[in-house]
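Given chain A's structure and the hints, the job is docking chain B onto it.
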Amino acid sequence: MNLIDETRALLADAHDLYRGTPQAAHLDVLAARLEQPLRIAVAGRVKAGKSTLLNALIGDRLAPTDAGECTRIVTWYQDGHTYRVLAHPATGGTARQLRFHRDGGALHIDLGDLAPDTVSHLEVTWPSRALRTATMIDTPGIGSLSDRTSARTWDTLAPDTEDDTPADAVIYLMRHLHRDDLDFLHAFHDTEVSRPNPVNAIAVLSRADEIGVGRLDAMASARRIAHRMATDPQVRRLVQTVIPVAGLLAETAATLTETEHTHLRALAQLTPADANALLLTADRALQGLPDLGLTPEQAGSLLARFGLFGLRLATTLLRHNVATTATQLAAELAERSGINQLREILQTLFFQRRDILKSRSVLSALDTLVRTHPRPGGDRIAARVEQVIASAHPFNELRILSAVRAGWITGKPEVLDELERLIGGEGDEIHRRLHLPPDTDTATLTKAASQALSTWQRRAENPLTSHELALAARVAVRTCEGMLVRLRAER
Amino acid sequence: MSVTPSTSRTTPLAAATAVVDLGLRACVAYGRDDLHQRLAAVRRSLADPRVHVVVVGEFKQGKSSLVNALVGAKVCPVADDVATALPTYVRHGEPAAAELMLDGDPPRRQPLPLTDLPTWVMERDPTAAVTGGGSTGAEASERPVGVEVRVPRAVLAGGLVVVDTPGVGGLGSGYAAASLAAASMAEAVLFVTDASQELTAAEVEFLRRARQVCPTVACVLTKTDFYPAWRKVRDLNQGHLRRVADGEVPVIPVSSTLRTRAVTAGDRRLNQESGFADLVAFLRDRVGRDAAVRLAQRAAGEVIGVCDQLQAQFEAERGALADPESARRVVEQLNQVKARVESLRSAAARWNLTLTDGVADLTADIDHDLRARIREVIAEADRSIEDIDPADTWPQLEAWLESRVAQQMLSTYTLLKQRATDLSEQVASHFAEASGQALRQFPISDPAPLATSVEVDHNLDLTRMSTGKQAWVALRSAYGGAIMFVMLGALTGFTLGPLALGIGLVMGRKGLKEEKQRQLAHRRAQARAAVRRYCDQVSFVMGKDCRDTLRRIQRELRDHYSALAEEINRSHTEALRAATEAANRTQAERTKRLKDLDAELARVRELRRRAEAVTGSRAVVTR
Chain A
1 MNLIDETRAL
11 LADAHDLYRG
21 TPQAAHLDVL
31 AARLEQPLRI
41 AVAGRVKAGK
51 STLLNALIGD
61 RLAPTDAGEC
71 TRIVTWYQDG
81 HTYRVLAHPA
91 TGGTARQLRF
101 HRDGGALHID
111 LGDLAPDTVS
121 HLEVTWPSRA
131 LRTATMIDTP
141 GIGSLSDRTS
151 ARTWDTLAPD
161 TEDDTPADAV
171 IYLMRHLHRD
181 DLDFLHAFHD
191 TEVSRPNPVN
201 AIAVLSRADE
211 IGVGRLDAMA
221 SARRIAHRMA
231 TDPQVRRLVQ
241 TVIPVAGLLA
251 ETAATLTETE
261 HTHLRALAQL
271 TPADANALLL
281 TADRALQGLP
291 DLGLTPEQAG
301 SLLARFGLFG
311 LRLATTLLRH
321 NVATTATQLA
331 AELAERSGIN
341 QLREILQTLF
351 FQRRDILKSR
361 SVLSALDTLV
371 RTHPRPGGDR
381 IAARVEQVIA
391 SAHPFNELRI
401 LSAVRAGWIT
411 GKPEVLDELE
421 RLIGGEGDEI
431 HRRLHLPPDT
441 DTATLTKAAS
451 QALSTWQRRA
461 ENPLTSHELA
471 LAARVAVRTC
481 EGMLVRLRAE
491 R
Chain B
1001 MSVTPSTSRT
1011 TPLAAATAVV
1021 DLGLRACVAY
1031 GRDDLHQRLA
1041 AVRRSLADPR
1051 VHVVVVGEFK
1061 QGKSSLVNAL
1071 VGAKVCPVAD
1081 DVATALPTYV
1091 RHGEPAAAEL
1101 MLDGDPPRRQ
1111 PLPLTDLPTW
1121 VMERDPTAAV
1131 TGGGSTGAEA
1141 SERPVGVEVR
1151 VPRAVLAGGL
1161 VVVDTPGVGG
1171 LGSGYAAASL
1181 AAASMAEAVL
1191 FVTDASQELT
1201 AAEVEFLRRA
1211 RQVCPTVACV
1221 LTKTDFYPAW
1231 RKVRDLNQGH
1241 LRRVADGEVP
1251 VIPVSSTLRT
1261 RAVTAGDRRL
1271 NQESGFADLV
1281 AFLRDRVGRD
1291 AAVRLAQRAA
1301 GEVIGVCDQL
1311 QAQFEAERGA
1321 LADPESARRV
1331 VEQLNQVKAR
1341 VESLRSAAAR
1351 WNLTLTDGVA
1361 DLTADIDHDL
1371 RARIREVIAE
1381 ADRSIEDIDP
1391 ADTWPQLEAW
1401 LESRVAQQML
1411 STYTLLKQRA
1421 TDLSEQVASH
1431 FAEASGQALR
1441 QFPISDPAPL
1451 ATSVEVDHNL
1461 DLTRMSTGKQ
1471 AWVALRSAYG
1481 GAIMFVMLGA
1491 LTGFTLGPLA
1501 LGIGLVMGRK
1511 GLKEEKQRQL
1521 AHRRAQARAA
1531 VRRYCDQVSF
1541 VMGKDCRDTL
1551 RRIQRELRDH
1561 YSALAEEINR
1571 SHTEALRAAT
1581 EAANRTQAER
1591 TKRLKDLDAE
1601 LARVRELRRR
1611 AEAVTGSRAV
1621 VTR
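If you're matching them up, the sequences are chains A and B in order. Be aware that the first sequence starts at 1, since it is given in the numbering used here, and climbs by one per residue. Be aware that the second sequence starts at 1001, since it is given in the numbering used here, and climbs by one per residue.
If you are wondering where the hints come from, they were derived from the structure by calculation, not from laboratory data. It is possible that some hints are incorrect.
Stated by the list, open to error - Quick look at which bits of chain A chain B covers, simulated, 3 or more residues with Cβ under 8 Å: (1) 207-216; (2) 223-237; (3) 321-334.
Note that CB positions come from ideal geometry on N, CA and C, so glycine has one too.
Isolated chain A, as found in the complex (with noise of 0.2 Å):
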């Protein structure tokens, strides 16, 4: 029996129990829970651009963006069949639908005679492919003049128990701060969603394109600075790993259109120096760009989509001729923006582990629930949450993954490096748990594996390993056994 399944089970028994009494609605929206989406929560500092992030992983300019501060309710967006706007009182009781229309792309809600601090999250239903296997939760970001409302929203999100969270996973967006800034610890402590924990969490460099203040170059530099954050210790115990994202590049990029396309291609047919001048700042920009054919506020719509990093890459890439549709052109912008490895990065450490995710929201939900509202018979349902929790080997791996991220697992570096790898650091995948190429055939890996078996078998019965490593290496074993026994399978 497999870990979802074995909730599943539980949840039953559980629903058996508690029949009849309020909570059974609530183990009734757990069971429900099993079979949706995954929930990906998007937090961090005010202005660290989430909402913007939010809107290039749907891939459509939902969610409301600004100069200002503007996302002051947490919303969340599903997949469903019809467009719907449903508000959630703070106060418990049935959800009110909402007005809403579009304007120029962004969604606006019409709270009606609802004031925002009465308002618990917002529900976006919205048909859209790149929902259907997450749900996104946008959240505002604390630390702002808003503070209470904020504040509220947190309690009624996240109540009492730290282990009853909304989200499964969490992205983290963080500006570039330096490390002994009190406020690069707070990107992650300020909200409660969900603590971060290596095992479901990765942080995003946001803003990306600014750190080099729009050169060409300044994804590279960001990427060098994300790599030395995810080394940090600090940060390695926090999140599993660090990206760096142009976020505004990334939503222009998804949501290009033909005529921005044909105004870039007026941009790039102007001479390197007289295309340089022109975006050499962006006041000169705003003034420039309507001598092309563009009205003011066109000029404007494009600096806002685009920023003068996108405006300076675009008019490069066209201009040699690496991108000549609007299309192509879409492609490599979100290449560029760091967008797509962010979505493979979610692909391997969020989406193919949902069903591990998932579950240990539910159980530990369940367990809270059960020990909050005891019933006879409840102490065994909690005994078997309790031993699912403490023997499903996933788990083993999600804890001894946290374990040696947060250095509590000493052993040499590369000893390290290769527990991390196998036991699903970096994937779920066979060939990412043993370092080797995606196209690896099955022999190979079956080889790669059995080595690995043994490497690990030997560490761990070896007098001279630490304790801790030594029961690592029990559950490194474990996996090696799993893998040999999937890779028996499929030949």
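Frame of chain A; chain B shown alone:
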């Protein structure tokens, strides 16, 4: 000597220089080499005025780029990731050169090739610093505390010294306190924030406090070339500043990129567009002029002091000459005063006792204050450790502790400064009482008030004399130590030992809870011990620094008043000699000398009048 009253319409510095030069010639003419020495020192400071402008702001706002663009030379290394780690002092000099300032005993300077600047000024490899747990190895007997770069640039020729500071730690941390301390020493503060977003709450608060400690503050909005919405951000910032500083803090939008281009291409229009023209004008007209006026007033104040002494000497002689009958009386009076003046010089003089006792009391009080503050911090830290698991929140606690300690140190320094100022005023009043001469009081330090009202020090302004400045330097070096202490983050040496947390995953379920409790208790004990070790070291360093500072202040005040006592004594001796001679002169001689004396007195009065013109109408206070 002759006095030509017409040059006062030139710059304050030129006017002050002319007045001081006249004073110097007078001292030579009257053979007063003691007074000459004093004025010569003033003359030197006039020839080489220093206007310190401190550039502060959060990490990565473009502080170093701003300094580079301002002086039109790459004097501060700039990089996307690593940050500035040492303050860089950029001033005028020909040819271009750099020196590393080392904090040894005694402090020394070491020439540095310009190409080596990045290796010293930038942070060392950040990954290494993270894993290595701070700056190990470099802690020999000397550590670098700053870099001075001299470049031949017209914008610096007026004596401007631009100080680029490290922005490490964020304004919520100890860095803020250290920057404020630096700001209180400076003539002006340029607060740097970029146009990506409006001022944060922490930035606004910093600006508000900077405004209290520094007379001139400006907010420079950088990277206007990159952010299309910079005008909106500028307006928002102006709104914030109006609230906290009554609009006395201007917002100057600039683009360092454009300015650098403009300087390279010699493009005047581009320079205008970069916004630097406004910044340079601000530095020249507001900062430079204010500083020049202050320096000129100080110099003219010295000249007035010299005039007072000369005048006293001549008037005594004149009194004896004009009326032979009263000559004896004058001599008698002078003799009486002479005893008093001589007693001024002795170690038992009241001012001297006041000074000695005052410093002793002050040392004890400061020590007590420091201990009380540190105890308070420890108690607060203990309380919060009780509520947390250090494994989760130690980094935040560390940062909090550093910032809290920095604030407390700043408070202690503020107290030290105020009390030392009070003491110096007391000593001055006792000295004045004893000397029978309304001497001006000597401010112990820059009276930029940390808590006191702004009105008071307008009166103190002209009383800033060289000795006050010396004591101020003494205080400043103390501040400097504190700044570097905070900036180096002494806590980095006190990370917690290895936290045995992972055991939890390897133990059976039964003992897990007790084990977790036990480990938590152990971690808390470790954290408390680390806090105490840190606080101990801070008290030790601070305590020593305060005692040293007080000793320096005592020595400087004593030297100053002793020298002054000597000068007064000399004036009296001269007067007495002249008066005694006068009594024995013939009528013809007397008439001639009287005419000379009247002429001399007129000249001294004229000199004094011109000096007063430089200090402004407020100079009348001295009489």
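We went through each hint and held it up to the structure:
no.	hint	in the structure
1	207-216	holds (count 6)
2	223-237	holds (count 7)
3	321-334	violated (count 0)
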